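Undergrad: Using the hints, position chains C, L, S, R, E, F and X with the ligands against chain D.
Each chain is listed here by its residues.
Number of protein chains: 8
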Amino acid sequence: GIAEFDFGRAARRGYPEAVLCEGKTMEHLVAIARAIGERGRSDGGDPLGTILFTRASASQAEAVCAELPGAVHDPVARIVAWPGPVPEPSGGTVLVLCAGTADIPVAREALLTAQHLGRPAELVVDVGVAGLHRILARVDQIAAASAIVVVAGMDGALASVVAGLACAPVIGVPTSVGYGAALDGLAPLLSMLNACAPGVAVVNIDNGYGAGHLAAQIAASA
Amino acid sequence: GIAEFDFGRAARRGYPEAVLCEGKTMEHLVAIARAIGERGRSDGGDPLGTILFTRASASQAEAVCAELPGAVHDPVARIVAWPGPVPEPSGGTVLVLCAGTADIPVAREALLTAQHLGRPAELVVDVGVAGLHRILARVDQIAAASAIVVVAGMDGALASVVAGLACAPVIGVPTSVGYGAALDGLAPLLSMLNACAPGVAVVNIDNGYGAGHLAAQIAASA
Amino acid sequence: GIAEFDFGRAARRGYPEAVLCEGKTMEHLVAIARAIGERGRSDGGDPLGTILFTRASASQAEAVCAELPGAVHDPVARIVAWPGPVPEPSGGTVLVLCAGTADIPVAREALLTAQHLGRPAELVVDVGVAGLHRILARVDQIAAASAIVVVAGMDGALASVVAGLACAPVIGVPTSVGYGAALDGLAPLLSMLNACAPGVAVVNIDNGYGAGHLAAQIAASA
Amino acid sequence: GIAEFDFGRAARRGYPEAVLCEGKTMEHLVAIARAIGERGRSDGGDPLGTILFTRASASQAEAVCAELPGAVHDPVARIVAWPGPVPEPSGGTVLVLCAGTADIPVAREALLTAQHLGRPAELVVDVGVAGLHRILARVDQIAAASAIVVVAGMDGALASVVAGLACAPVIGVPTSVGYGAALDGLAPLLSMLNACAPGVAVVNIDNGYGAGHLAAQIAASA
Amino acid sequence: GIAEFDFGRAARRGYPEAVLCEGKTMEHLVAIARAIGERGRSDGGDPLGTILFTRASASQAEAVCAELPGAVHDPVARIVAWPGPVPEPSGGTVLVLCAGTADIPVAREALLTAQHLGRPAELVVDVGVAGLHRILARVDQIAAASAIVVVAGMDGALASVVAGLACAPVIGVPTSVGYGAALDGLAPLLSMLNACAPGVAVVNIDNGYGAGHLAAQIAASA
Amino acid sequence: GIAEFDFGRAARRGYPEAVLCEGKTMEHLVAIARAIGERGRSDGGDPLGTILFTRASASQAEAVCAELPGAVHDPVARIVAWPGPVPEPSGGTVLVLCAGTADIPVAREALLTAQHLGRPAELVVDVGVAGLHRILARVDQIAAASAIVVVAGMDGALASVVAGLACAPVIGVPTSVGYGAALDGLAPLLSMLNACAPGVAVVNIDNGYGAGHLAAQIAASA
Amino acid sequence: GIAEFDFGRAARRGYPEAVLCEGKTMEHLVAIARAIGERGRSDGGDPLGTILFTRASASQAEAVCAELPGAVHDPVARIVAWPGPVPEPSGGTVLVLCAGTADIPVAREALLTAQHLGRPAELVVDVGVAGLHRILARVDQIAAASAIVVVAGMDGALASVVAGLACAPVIGVPTSVGYGAALDGLAPLLSMLNACAPGVAVVNIDNGYGAGHLAAQIAASA
Amino acid sequence: GIAEFDFGRAARRGYPEAVLCEGKTMEHLVAIARAIGERGRSDGGDPLGTILFTRASASQAEAVCAELPGAVHDPVARIVAWPGPVPEPSGGTVLVLCAGTADIPVAREALLTAQHLGRPAELVVDVGVAGLHRILARVDQIAAASAIVVVAGMDGALASVVAGLACAPVIGVPTSVGYGAALDGLAPLLSMLNACAPGVAVVNIDNGYGAGHLAAQIAASA
Ligand SMILES: Nc1ncnc2c1ncn2[C@@H]1O[C@H](COP(=O)(O)O)[C@@H](O)[C@H]1O
Ligand SMILES: Nc1ncnc2c1ncn2[C@@H]1O[C@H](COP(=O)(O)O)[C@@H](O)[C@H]1O
Ligand SMILES: Nc1ncnc2c1ncn2[C@@H]1O[C@H](COP(=O)(O)O)[C@@H](O)[C@H]1O
Ligand SMILES: Nc1ncnc2c1ncn2[C@@H]1O[C@H](COP(=O)(O)O)[C@@H](O)[C@H]1O
Ligand SMILES: [Mg+2]
Ligand SMILES: [Mg+2]
Ligand SMILES: [Mg+2]
Ligand SMILES: [Mg+2]
Ligand SMILES: [Mg+2]
Ligand SMILES: [Mg+2]
Ligand SMILES: [Mg+2]
Ligand SMILES: [Mg+2]
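Residue numbers (my numbering), protein chains in the order written: chain D, 1 to 222; chain C, 223 to 444; chain L, 445 to 666; chain S, 667 to 888; chain R, 889 to 1110; chain E, 1111 to 1332; chain F, 1333 to 1554; chain X, 1555 to 1776.
Fair warning: there could be bad hints in the mix.
Stated by the list, open to error - The calculated label-pair distances, taken between Cβ atoms and stated as ranges, are:
no., chain 1, residue 1, chain 2, residue 2, range
1, S, G736, D, P69, 45 to 55 Å
2, L, E466, R, E915, 27 to 37 Å
3, F, E1354, C, G223, 50 to 60 Å
4, R, T913, D, R138, 49 to 59 Å
5, C, D362, D, T25, 51 to 61 Å
6, L, G514, X, S1613, 38 to 48 Å
7, F, V1408, R, E976, 38 to 48 Å
8, D, P69, R, E976, 42 to 52 Å
9, E, E1172, C, S279, 34 to 44 Å
These are calculated hints, taken from the structure and not from any lab test.
Fair warning: this is a prediction, and the values are worked out from it, not measured in the lab.
Note that beta-carbon positions come from the ideal geometry of N, C-alpha and C, so glycine has one too.
Pulled out of the complex, with its shape left as it was, chain D reads as follows (with noise of 0.2 Å):
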């Protein structure tokens, strides 16, 4: 064997084990598919969820839909999910900002993950501190949100900002977004892991996956 899907997942934490595609051979790629795939149909009483396959590049995700009908790839979140289609919505909302257009991967990332494991979510772009006016014109739907997912990267300054005004918990995605200094994502992610607001926790570096994840399970109970 080259893998041993924790298919008790969810039933043990509520939400399915996801694949994570990158670093993965075609092979092993294409088997564990085949495996879930077999399980899933089998598995008329004991419902697997929708199992993503996360950081696919478009190679891998072909192949995966081509062994999982009825699967859907975003190919800029690189997300396959399957089955396709989006669950009824539950709970309460999962908000997404992100500061520049180019953390949008990543947002998105976070988007599909947290609508995929059952909550509402909005994905809102471009509201770096550069321009404060834009992240100080949402604050109602900050205000309405269960939780907050903030992607950012270069000076990740947007997550203390978003924490300063919010209720609801907020989780930072630092990204590896700019260059030089910004060192691969490690600048934006110190800078939240220091955020002057409480309230805030960080995950991995462009970890979108995680970071709609987690808020889907904070926002379940809303």
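TA: Relative to the frame of chain D, chains C, L, S, R, E, F and X with the ligands by itself:
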């Protein structure tokens, strides 16, 4: 002036500003405590809520308590709370788990913060993964929690293990416990940021206050 | 000889050399102060200008003042100035903004440096982005400044926010305020170097002297 | 929407927002250029000013120019400017000095930025400190400048040397020129942050745009 | 000469030198393979033992096999062995455990190395701590092993968990699997160096060869 | 409770848990020692084995000895062992080699740990590679060992040299001996992880305890 | 102008400036080669000396040779020399030792540089410390050298070992050979900086040119 | 035994071993001094040469001097030499240049080492590049030297500048003078490793001893 205390934070965000004692001169700290005391006592209809003074040295704590009669000092957690009594708990339970005995100060800072922010909260210590039976004996307590704080130094492995067992969101607090390649907490920080189970987000090294605050926000609506 | 003080610097650059006390033995520091005193007193027609002794410990400051009657010591900024009186201000205004109370020593070092180099200068403290109303209340002061120094530790986010509001050049001074992943000031240093608003440049961690000097140069011709 | 261009920035800050091309998808970049073109053409009485597109690849530049007739592309500096003509210069002179031939792209990015923001600007190349006579031959040019940009990789030593000779503020731009322990520009970045002459501040590695912008701000009032 | 192959190593140390293909030019690699072939074939009474070529690209492997008839190439492990057949196993069992599917290449490199050095060896994949039941199902296999190799990227937590269950020595192999704050394997490297259970030592990131070698040495006398 | 001592570790893993004194409050440490004493004394038929207290300061050691009569303190190795006598040795020999005199405390921690875990063990000091004759004079001792611990700071070169001469597994212990670019032990840590001879694995900086433990495990079956 | 070649360097320092090709555009490189050619050919009585073009890609080398008839290209060392013939050697011998086959390009760059600067020079390859007999067989050659260059990646241990045997100065050149925790040459760089034998100094990672230059200077007067 | 002093080093390498006091216990240091004294006094025909004890604290120096009558202690350089008198100088001159007053202890360690190893040596202080006239006034002294040691903290720029002026080899010694982004000497270390003038090699941060030793070796044959 030497400070512009954010008295509006409770109204805006739901929880009042805390005072980080570390790095402040005694003179500045006392002035801030005095201003809080004056405002608090004059604040009949619009209560400030409990003000926390965090990372207080013994002498700082003494000075704050002298300024604010009724304040309570926890020397292990290095917290002073004013007014001292913990409010009546509401919302879901915050569970604080820590890997080793040396992590207790940070874990206790998280515990007290969550309690002062109004949540029921419990602390379980010394359940590191070197003896896995210890955390496995807690699965019921883990299942019952609305938010979980995992406090660990060295390898930080407990965060991944707990997240793999839990439905609730997990907040990882890496600690500076350890030596050498623990790099003052960078090792568990990186480990937790790369948790192989989703549903984990991380706060700054030794930041029990931030973790307790976020856990209280998450558990508020449970 | 143990020093070759650059007495020509004021003629060459417009401002005299300062003495960095930190790292010097008492014997060496006193010898330098003595040489400056001798030269300064014999310097009828070609004044040295005010000589600053920076990052002076209490005992270093005392020794310098003993050597140079008329010198003035600011223990918060850790600066000794000789001669003591601040010169008549000219040029545009230098505005020093700092994020938190613990940043005051560095902010004050910038303020006094700018004043001793001949500029009108103002200090505003504790306007960190966790309570954005505090900095928004200062937009007029920001608009009136010819050079702005932003002093902040932790996330260093204030630099980006201020630059997004200001016409004047912004000099960021990251401070070592914070703990853990603040990495003794590397976190705000990286954050400020990646400010999402242009018009920001950065000096060394805790280098209030350098920021005040540069701000004075910028505001000179305003 | 995929962007919220900050059209008010010129009014608020004196200079318009620039577009960082790197990291944006072609689709997103074209959409932004289109929106700018529409607003700019409809903007009779309230001109946008020159919009810069920075760090543009060849194909990105081509797409932007197709969208914005009249735009001009400098392939060395990787800048597209729209409208293309450099405005009539006013204010003091910006002097851009670079240590080696390989630093020219970044130096030229600073030069063009300062010119498009309205300053007279000059570029002097290959005056690194290994042959000190080259920079010493430029003391008059240095004395005449209102703001100096020093672009250097490897040891970054030129910034300290120039600051020791100049009255004007010095902005250091570390470059990623070099290999091995140059650490992609971290070595000159650290060197410049520790310049032994005061009056130096530093922008991000390879950030010619930021340096040119700041220099233009400084020289505006000279 | 371009190489001085250490033909005495098997006599001196018990195991022959291996050839690290990565970083060698094709010309140099082929010359080394040729020299080994010549010596090996002439080596009646003093056998070289199996020579491993590690981290071989596809084209390097092809060239080595062309030079050494009878060599066998494993493209997943990137190993070429000459002569190809695995020797008769002796000594205790080497157990290789890996956390995820993407760690298989490194795990397989360890497995094949241990087998070619003469040990019985087994591979168990995808038993990461996010689904703890998977490793708990292997306690008997763990108890039976004489040396255990744990291969994991991201949080590297599996090493601590296995060491907490095992009597045998554990060799940790951090992998470069992961992204962002995984820092190309530094995160699991640090995590494993700080394993909270004693009995763990660590080899270089992705160094399956080194781990398999050491495990074979340890298990030799069991 | 403040600790959950893993009394089952000896049964599960072969060796009992040790107590890391560093980072524990005196009150917590004494409580743990007391609990061990109570359990140990009541443990007629199921002996705990020797319990080690590692990295104990002088005052911590004194407090532990007061709680556990019969305990023995080695102030150089900073170890307290209870009960004190070293058990009758069995298994192969553990050889501890150290590069310089300043490495002795860590080397001795490894030596005593191996002896208390039941192995015959020897210590050879000051055989660093600057005088290669010193280690070459030990080849017989190296050949006779079942497990070798190499303790070195600064360049850590001794680990590679010894591994190139030895049949037995080598465990490298980088130490914090050195200054400047030794980076508190990171330099020898990296050096040992990149040992050009296979058969080396590495433990944490200054972790003599971990190395001695692993060596004892390896040598047990020799 | 795009370059200000330091034609006076040979007169001032004894050796002419070299051209670092890496990082230069083809256009700039060709212009520099042309200027050198013009000056060199017109330079009857005041010869430039041999000009080296270092770190030249295949196409850069071709372009330089086209511009400078008589130039010689060494593709392994990535050097172009003009004029091509090595001068008559004088002074003491430079000995270049390298640890492994993959270090040959850098070692050869040092060798050719020393030869072109006028020294007799020898290269010995693959004498890494994993097989100590190889370097011990060279003690006479080591004793005869006036300057020794040690080229090694991974653990960099060869520098310490050679310095412990040699009278002559040792120049360490860490290489980027290795993977993972070799950190692109930082591991051997740190190791060599901490050499436990005095008489070692270090140049940049992969900087064979710098090492050969310095060795030539040292051996000049022997 | 606690040490194996390398009494053969002078015969083998030309200069005796030195004792690094830092990190040694008082007991160990005294034992080493005693052994050296015994050997030295019994060493009629085969003199040890001057033994240096480096980085000695005040109390360590006192203990060494008590053990070795005739030893001389320099408290600034932190060196004890036995026997005390500097030998008759031979060979070329070693020139030690330092950038600032705070670098004197390290510079003096280099100076005394070179003198005790038999070279004529000179020290010039406070010639940092912020006032370039200071170093330019020393070009004759620079031209006369056989080996040059440059000691500088902060930007480390002096090494490049001196190398650009000198014929002799330059040894850079970065110092830990500075604060913040000086990173305890890493900034000047990196700067010097990337010196834009060839002919520079670098020793460890604050390693005046190593630089003086190497300079003495280089100048020996001049
Ligand atoms: N222990 C702590 N760790 C991190 N942030 C804190 C801590 N305690 C208080 N804070 C936050 O730090 C800020 C206080 O900064 P200051 O204005 O310097 O008192 C407030 O926004 C607090 O919410
Ligand atoms: N606080 C400071 N931070 C950075 N540089 C400083 C500071 N104070 C003075 N300096 C500069 O440091 C140099 C003094 O170095 P030294 O010769 O050691 O006194 C002068 O060029 C000063 O302008
Ligand atoms: N010197 C040491 N270095 C690393 N780990 C240790 C050391 N001493 C004890 N340990 C381990 O650290 C853990 C003790 O953590 P704690 O529960 O805080 O006492 C145990 O699992 C020990 O096996
Ligand atoms: N200040 C110093 N910096 C670096 N190495 C030194 C220093 N002083 C002595 N050494 C070397 O360090 C080694 C001494 O190590 P040890 O055996 O611990 O005394 C010898 O090889 C010395 O040549
Ligand atoms: Mg934008
Ligand atoms: Mg424990
Ligand atoms: Mg505040
Ligand atoms: Mg040049
Ligand atoms: Mg898996
Ligand atoms: Mg020694
Ligand atoms: Mg080899
Ligand atoms: Mg000075």
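Undergrad: Now, for every hint given, state plainly whether the structure supports it.
TA: A quick look at each hint next to the structure:
1. S:G736 with D:P69: 45 to 55 Å: Hint holds: Cβ distance 50 Å, inside 45 to 55 Å.
2. L:E466 with R:E915: 27 to 37 Å: Cβ of E466 (chain L) to Cβ of E915 (chain R): about 56 Å, so the range 27 to 37 Å is violated.
3. F:E1354 with C:G223: 50 to 60 Å: Holds, since E1354 (chain F) and G223 (chain C) (Cβ atoms, about 55 Å apart) stay within the stated range.
4. R:T913 with D:R138: 49 to 59 Å: holds, 58 Å
5. C:D362 with D:T25: 51 to 61 Å: violated, 40 Å
6. L:G514 with X:S1613: 38 to 48 Å: Holds, since G514 (chain L) and S1613 (chain X) (Cβ atoms, about 40 Å apart) stay within the stated range.
7. F:V1408 with R:E976: 38 to 48 Å: Hint holds: Cβ distance 43 Å, inside 38 to 48 Å.
8. D:P69 with R:E976: 42 to 52 Å: This hint holds: roughly 49 Å between Cβ atoms.
9. E:E1172 with C:S279: 34 to 44 Å: Violated: the Cβ-Cβ distance is about 26 Å, outside 34 to 44 Å.
In this structure, the earlier hints numbered 2, 5 and 9 are contradicted, and the remaining ones agree with it.
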